[in-house]
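Engineer: Sequence order for the protein chains is A and B. Each residue of the first sequence is one higher than the one before, counting from 0 in numbering that gives the first Met the number 0. Each residue of the second sequence is one higher than the one before, counting from 0 in numbering that gives the first Met the number 0.
Everything labelled a hint here was simulated from the structure, so no lab data went into it. Do not take every clue at face value.
[Claimed, not checked] Below, computed lysine to any residue pairings styled on SDA-like, alpha-carbon distance capped at 20 Å:
{"no.": "1", "chain 1": "A", "residue 1": "K108", "chain 2": "A", "residue 2": "V118"}
{"no.": "2", "chain 1": "A", "residue 1": "K115", "chain 2": "A", "residue 2": "E136"}
{"no.": "3", "chain 1": "A", "residue 1": "K115", "chain 2": "A", "residue 2": "L56"}
{"no.": "4", "chain 1": "A", "residue 1": "K86", "chain 2": "B", "residue 2": "S47"}
{"no.": "5", "chain 1": "A", "residue 1": "K86", "chain 2": "B", "residue 2": "V46"}
{"no.": "6", "chain 1": "B", "residue 1": "K10", "chain 2": "B", "residue 2": "M0"}
Letter by letter, the chains look like this.
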Amino acid sequence: MHADIIVIGAGTVGAAIAYGLARRQRTVVVLDGGDTDFRAAGANFGLVWVQGKGPDLPPYQTLSRTSADLWPEFARELTGEAPVEAKVALEYEKRGGFAFCFGEAEFEKRRAMLTKLHVDCGSNDDDFDMMERAELERLMPGVVFGPDVTGASFGRHDGHVNPLRLLRALHAGILRHGGTLLRDHAVTGIRSAAFGFEVEAAGTIFDADRLVLAAGLGTAALAARMGMHVPVRPQRGQILVTERVAPFFPYPANGIRQTRDGTVLLGTSNEEVGFDTSATATIGTKIARGALHVSPALARLRIVRQWAGLRVMTPDSYPIYIQSNEFPGAFVAVCHSGVTLAAFHATVLAEAIAAGMLPAWLSPFHPGRFDVPKAA
Amino acid sequence: MFRKLPDSTMKAVTLSIDGVRVECAQGETVAAVLLRQQECWARLSTVSQAPRAPYCMMGVCFDCLAIVDGVASVQTCLTAVRDGMIIERQRGRPEAA
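With these hints in hand, go ahead and build the complete structure from the sequences.
Structural biologist: Here it is as structure tokens:
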């Protein structure tokens, strides 16, 4: 089977790129693994988040902001072009988001960090505000804040979305634009051929001019065969979800987000436990305590579910984008912020892959940054 | 549709469902009592507002949620009746605080 481009991985990253390529009239085959594979896309919290991202790599702040700016149009396209009977409501909102601060010291530290990031990126708009507690109470009259909440930073460009609906809409979008999406097609062989690449999956050979590796935690092994060093490791994150209640929490926050249906998502953890996807009582308790620190009234809500997922983490936590030197036409895209960056992946990155060249401004995300010897 | 089999050994208990007095017997669950009412639903779906009745009767389906003595989202199939209990059918999403 032949295609212009083969995308390996149909998680949020691979699906967004494939959707963008299919929309640009490229024939795309997307090869996806099985249901029991590690799937960060199915465990996501659903933030489209900008504030505070990239404190030690300002280009990541710029990248997140670029994607957040592209998101409204991306969401309109993704849902707007679908026929009425196939519309997937993304539950996307961009009204800004909060990061709560406990105590004056934390409040001032947060202000200093965001101000530095603002200056480092050369931003010329009001991308954030530091809000005192009284202002929070005015904006969120339904929330009873805990006594330690001093205030919060408000990121103007932050938003949220239902990540499962996003994934479903991307898959539907790929098919609508003539792409092929094959599940249970874990890749078993991959090599460069006279004209492009050959990929073997489920006993079938697929060939294409270009290749995109976006297989999350499976990317490292695939990339090595294409001459690229792509260090990724699993990092576990856990989430609690409450019963559905009437809307009372009108903005997403880092760690608390009320969904359209009324459930409240509480997160999260950053655990180095390898490929263990268990949900644990210890972390569940810690997450619940954190949420009660923001609002003790949350104690009245019943927890109905808890789950864990594995983030696709790089050594410095920032994304990896690279085209192989050894095998031009083979690209890698991995990150742990597939939801925030979905709009960027489906537009700018898809355009670059279609053109065969990554823009120079993405060079900070080349994995060569991990090979620089550290000063003794 | 449902009715209780007569059993004179069970102690009589009175509770109210949406303000209506209902006679029942000690040892019954609230869900069982709801099921034999003229209107046998416990709650309205939080998403579609469709009425939902007790279904699994063993604590897994969450369709039997109702407000019991002021506490919302109680699984009535796991709750035994008590004299003077006040049951309200739950209409949509409860308030958070």
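Engineer: All hints, please: hold or fail.
Structural biologist: Comparing the hints with the structure gives:
| no. | hint | in the structure |
| --- | --- | --- |
| 1 | K108/A x V118/A | 15 Å, holds |
| 2 | K115/A x E136/A | 27 Å, violated |
| 3 | K115/A x L56/A | 12 Å, holds |
| 4 | K86/A x S47/B | 18 Å, holds |
| 5 | K86/A x V46/B | 18 Å, holds |
| 6 | K10/B x M0/B | 23 Å, violated |
Taken one by one, the earlier hints fail for this structure at numbers 2 and 6, listed in ascending order.
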